[in-house]
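Asks: Chain U: place on chain L using the hints.
What follows is each chain in one-letter form.
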Amino acid sequence: MINITYLIVQIIVVIAIAPLVNGIIKKIKALSQKRKGAPILQLYYDLYKLLKKDTVVSDTTSWIFKAAPYIVFTSSLVAAMLVPVTTMLDPIWLAGDLILMVYLLALGRFFMMLAGLDAASTFGGMGASREAMISSLIEPSILVSLITVGLTAGSTSSYQIMEYMKYVDTPLIRPVYFMAFIALFIVTIAETARIPVDDPSTHLELTMVHEAMLLEYSGRGLALMELGASIKQLTFITLLANIFIPHDQLILISGVGAVVLSVLIYVIKIVFISILIAVAEVSTVKLRLFSIPNIAALAFILSFIGFMQYFVLGR
Amino acid sequence: MSLRDLNAKIEAGFLKFIKNSKILNGNELYIEINQDNIPELGVYLNIDLGCSLVSLFATDEREFNHYRLYYSFAERQSGSLIILTSVVDQNSSTFMSISTTVHAAARYEQEIHDLFGLIPIGHPNLKRLVLHGNWPEDNFPLRKDFPLSHKPQTVDCISEFTKIKGEGVFEIPVGPVHAGIIEPGHFRFSVAGEPIFNLEAQLYFVHKGIEKLCEGNNPEKCYYISERISGDETIANSLAYCQAIEKIAGINIPEKAEYIRVLFAELERMTSHFGDLAGICIDVAYGFAGSQFNMLRAWSYGMATQLCGMRFLRSVNRLGGVRKDFISGKEKSLLEQLNKIQKELEDTVDIIINSSMFNDRIENTGILDTKIAFDLNAVGPAARASGIANDMRKQFPYAAYPKLKFKVPVYTDGDVNSRMKVKIKEVFESINLMRQVIENMPAGKDFERLGPLHPHKEAFGITESPRGENVHWVMTDNNGNIFRYKIRTPSFCNWPALCYAVAGNIVPDFPLINKSFNLSYAGNDL
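In order, the protein sequences belong to chains L and U. For the first sequence, my numbering gives the first residue as 1, with consecutive numbering after it. For the second sequence, my numbering gives the first residue as 1, with consecutive numbering after it.
The shape of chain L in the complex, shown without the other chains (with noise of 0.2 Å):
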């Protein structure tokens, strides 16, 4: 019983928060920019919009152009699933962890790649190209970063470390954790798309990594790439907020009350993750192509000196 509640309450707020980023992002941006900008919740009504539209599917296309926008959006909410926004609730399975989780992206990101070259256009091709190249080069950061978590909490199930890691005295404070903060920091702006790796608001097809990809969607299928982009940013941010500053250990009542809490100090955990997103997002400049390699290796470094750090300094 417990376990679909678990399910329920995590597809909700995982569908209803993970769009609310976008639209904060875009806020703080343009307000650094002296305009009034979007409103916080112009991405929902673009879903909105798209969904109710026609698709418009190009001719030269196979079944994985049509197949695409489900297999992204799918992979991104079971990978969703298996971080848990509240440890209030037991979770559905306990064999799901970080490593399918990452690898469950990788499989939306391979269809999004086959999909960007199906339609055999010009920017599409060069789409997959780039986002190969990026994405091959952030992996090792992602993995060094969240097993050395894993080996301190003693698990690679994200629930069991988030579980630890409430016992844990300010863990940012800590060398191993706050090495894997800032590389997991990296590795959410370059899996997401964001600025200095890619840039989300260009026109500029010949400069655009994700985008490129979904040039050719129109309608529902654009619909659901742009909802599970959303979701698979929302999930690094969630591990972000919950690895790194967990807070279930400050609520001390029991029951719905606590779920319906702790759900509350999730989400402003992730408006304020959100923040410093577009912080980042609005101090540094696009990366040129070639440099991406670098940030990369940055994210590495910083993720190998803390799992050394384990096995130094310990916990």
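A couple of the hints might just be wrong.
As the list claims (entries may be wrong) - What the simulated footprint calls covered on chain L by chain U, stretch by stretch (three residues with Cβ under 8 Å from a Cβ of chain U suffice, anywhere in the stretch; the number is not a length):
| hint | segment |
| --- | --- |
| 1 | 200-209 |
| 2 | 283-292 |
| 3 | 302-312 |
Think of the hints as simulated: they come from the structure by calculation, not from any bench. As the structure is a computational prediction, the values presented were derived from the model and not from experiment. The beta carbon of each residue, even a glycine, is placed where N, CA and C say it ideally should be.
Replies: Same frame as chain L, but now just chain U:
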């Protein structure tokens, strides 16, 4: 060296070629020679004397049984033009190509080939330029017997681009319709992965027939057409036209009008440069700086609205001067706005020059080699960023520029950074010039009235637009109307330079390089 000395020098070496020579309008030396001798004398002027080819055009003079070609070379030290003219037989319709030695001539010869049907013999790459393959082969719009209302049939065709062969070499077609609200142009990249080997730009999707439209019309009406050549170069183009007509009419405009013209020309330059700077910043996702420059641009538009009620500065000039005294009573407010713009610009520039990530993007990106810039006669900020200190305001002084103090900023790296710095410096110079104009505004009339124009007169009008030198040439017909109006905008010279600057860079840097040149599509395709 004065024009007479130059003439003597040319006569000393090439007297046997010269059929006839005359000096018009003070600084235009027309030398008539035989078509066969054009290559020799052209190379002498371009290579030995270092005069750049600033325009090359044809006129249809078949009432005298020939076409005539005009090769205009600019002698920049003395501010004079040397124009070689030669007739082309109407039956053979062929002329000698000079583009293998005078490289800047290549595009002009293609243009003449498309529009007049004259064949440049020995041209290295005679593909169609202005008219695409879907235009029938035997329709030549600038011939006098081609009626303006004629709509030729569309022909089926396949566009041909330079093929680069090799393992892993791909072609990327981009455009003519782009994602942003920009003008149409097709770019064909040959790439191996991200690095670009070759870029071929197919432009001319917006041919409007401006030159044809002017023929036979009265000079007053053509003034309005000249304002509409390129939306953001209204003053530069209409000023060049007015100067040509004023030379033909033989009048001097009032000093006050000269000052007002400078003010508007500099306001236009400032507005345009702010747009370019904003574009450069936005292309590298530097949102903060981008919106700062866009804000400054909006302030400049605000000044334009306050001065003449029109952001695009139309109907400010008129033949013989300016339409009215736009400045009086607004001096204080203008100076305040200029101070505000200068302060905000200084603050913004201080922030962006210290951004190391931004500098990393713009340094060494899109380098235009000085030699290439000279050979193609690249103009404006693009040339000045590659170490070529050409500025028509200094070299062919017009309006009130000789009476005002300003510097011409020059950088030598030729990259996006240099072009950006040139533009920033130029904005400061423009603000400075506008201040001088407001403070030294003379009293007097706003314009001088023009009588009817003399028949069969010709003159050049040259200005420095925000994008670079702007060369217009007007010839009147039997009734004093326009016989031929040749417009050469800076974009025409700089498009080939852009293609050279892009080679060797990576695909995602192309939009940035393109923006740093900021060329006009409409202003290129008349």
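Asks: All hints, please: hold or fail.
Replies: Comparing the hints with the structure gives:
no. : hint    : result
1   : 200-209 : holds (count 7)
2   : 283-292 : holds (count 8)
3   : 302-312 : violated (count 0)
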